[in-house]
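Enquirer: Chain B: place on chain A using the hints.
Number of protein chains: 2
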Amino acid sequence: MINTRFSSSLLEKAVMEINRLPGIGSKTALRLALHLLRQEEGRVEALAESLVKMRRGVHYCKVCHNICDDERCEICSNPNRESSLVCVVENVQDVMAIENTMQYRGLYHVLGGVISPMDGIGPSDLQIESLVERVRQGGVEEVILALSPTMEGDTTNFYIFRKLEETSVKVTVIARGIAQNDELQYTDEVTLGRALAGRVPFGK
Amino acid sequence: MINTRFSSSLLEKAVMEINRLPGIGSKTALRLALHLLRQEEGRVEALAESLVKMRRGVHYCKVCHNICDDERCEICSNPNRESSLVCVVENVQDVMAIENTMQYRGLYHVLGGVISPMDGIGPSDLQIESLVERVRQGGVEEVILALSPTMEGDTTNFYIFRKLEETSVKVTVIARGIAQNDELQYTDEVTLGRALAGRVPFGK
Chain A
5 MINTRFSSSL LEKAVMEINR LPGIGSKTAL RLALHLLRQE EGRVEALAES
55 LVKMRRGVHY CKVCHNICDD ERCEICSNPN RESSLVCVVE NVQDVMAIEN
105 TMQYRGLYHV LGGVISPMDG IGPSDLQIES LVERVRQGGV EEVILALSPT
155 MEGDTTNFYI FRKLEETSVK VTVIARGIAQ NDELQYTDEV TLGRALAGRV
205 PFGK
Chain B
5 MINTRFSSSL LEKAVMEINR LPGIGSKTAL RLALHLLRQE EGRVEALAES
55 LVKMRRGVHY CKVCHNICDD ERCEICSNPN RESSLVCVVE NVQDVMAIEN
105 TMQYRGLYHV LGGVISPMDG IGPSDLQIES LVERVRQGGV EEVILALSPT
155 MEGDTTNFYI FRKLEETSVK VTVIARGIAQ NDELQYTDEV TLGRALAGRV
205 PFGK
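So the sequences go chain by chain: A and B.
Start counting the first sequence at 5; every next residue gets the next number (our numbering).
Start counting the second sequence at 5; every next residue gets the next number (our numbering).
In isolation and in its complexed conformation, chain A is listed as follows (with noise of 0.2 Å):
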């Protein structure tokens, strides 16, 4: 398809630039092409124009860096929730994920990634000297380690353990074990041995 012969110069450049998404190749760019030519003018600007309007209209919340359409997100300005509770992590979608188990009614702190030396992610990069200010300013109680159980999410933990040593803040981190609905015998050693080592008293 790279050498494809459009017959339309605009439909080349709209193919061109979906093209550009990530995990959206040549074929499918058309295909997409191809169907917004199908549809009414007013729904193709309606999507046009809401890409412009969220690039231009979105900001970070200045206290736990969420996406939201004002200065503090809808989470930081709910005085419903618990604000001696702050759960870190990766990213925008990792509140999503955690909001729609309807289990925690804390706050975020969200780094925008986790340290990764092979991409050229430090601390410094992420929302990491925040976090520690803001546990600095007093009023948080306990911060919860909520990234993934990877190698880089294990080292992002572990240095922001370090960095909140000197204040007194209570540092967790969510569990590790067997997800529901899993195969016991279908786990990994690791996940199955900290499991083990991380088990609680039944019916608690």
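It is worth saying that the hints were derived from the structure and are not from the lab.
Some clues are possibly wrong.
Repeated chains share a single entry, so a pair holds when one copy, or any two copies, can fit it.
[What the hints assert, rightly or not] The calculated lysine-lysine pairs, modelled on BS3-like cross-linking and capped at a C-alpha distance of 27 Å, are:
(1) 167 - 57
(2) 57 - 17
(3) 66 - 17
(4) 167 - 31
(5) 174 - 57
(6) 174 - 17
(7) 66 - 174
(8) 17 - 167
(9) 31 - 174
(10) 66 - 167
Expert: Chain B alone, transformed into the frame defined by chain A:
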């Protein structure tokens, strides 16, 4: 993800719009929206503009109904193409596929679909009448039917053939047989039967 709480209404609107595209689920839509949030504002504007410009500016060729930027497409306007040869295809992608072979020097006629009673598509929804009219006006010596070898494609082929019987135009259909690099033992009976029946002198 259906009940995902978005912390930004602008993000939510953009995800909703992207999610309307065929084959793009809510998770992919969110991923794409967050990707666009990380891009330069100019890049997002370029994408949005290319979509709207395409939808507003694209024409359909008056002669062959292919997508183009003007009243007539580049292929129909090209004096070096054999205007006595018209290849009937289902859609724009098929024109591209045939052009990519670089084996065809004639013109096209894009039907815009195939007859499919199940989908409520009848002959009057397609550019069949305009094909007959085009042949009637003279200058066309051969009509090549190049629809997909499906039941709908075959039905449409037959319908067009009957419609063109009144004219003296030669009607041919593209060869059906075993595809390049396919293995004989895994070829279905219909294809293999047709390949045998349609055998040609070796070395031709």
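Enquirer: It remains to establish, for every hint, whether it holds in the given structure.
Expert: Hints versus structure:
Within a single copy, residue 167 and residue 57 get their C-alpha atoms no closer than 38 Å, and across copies no closer than 51 Å, so neither meets the 27 Å cut-off. In this assembly of identical chains, the alpha carbons of residue 57 and residue 17 lie at most 27 Å apart whether taken from the same copy (21 Å) or from different copies (9 Å). For the identical chains of this complex, residue 66 and residue 17 are inter-copy neighbours only, at 22 Å across copies versus 38 Å inside a copy, given an alpha-carbon limit of 27 Å. For a Cα distance limit of 27 Å, the shortest separation of residue 167 from residue 31 qualifies neither inside one copy, at 48 Å, nor across copies, at 34 Å.
Within a single copy, residue 174 and residue 57 get their C-alpha atoms no closer than 40 Å, and across copies no closer than 55 Å, so neither meets the 27 Å cut-off. With identical chains, the CA atoms of residue 174 and residue 17 are never at most 27 Å apart, being 54 Å at best within one copy and 38 Å at best between copies. For the homomeric pair residue 66 and residue 174, the shortest alpha-carbon distance inside one copy (23 Å) is at most 27 Å, but the shortest distance between copies (73 Å) is not. With identical chains, the CA atoms of residue 17 and residue 167 are never at most 27 Å apart, being 49 Å at best within one copy and 38 Å at best between copies.
When the C-alpha separation of residue 31 and residue 174 is checked against a cutoff of 27 Å, the pair qualifies neither within a copy, at 52 Å, nor between copies, at 34 Å. When the C-alpha separation of residue 66 and residue 167 is checked against a cutoff of 27 Å, the pair qualifies only within one copy, where the shortest distance is 21 Å, while the shortest distance between copies is 70 Å.
The structure is inconsistent with the numbered hints 1, 4, 5, 6, 8 and 9, although it conforms to all the rest.
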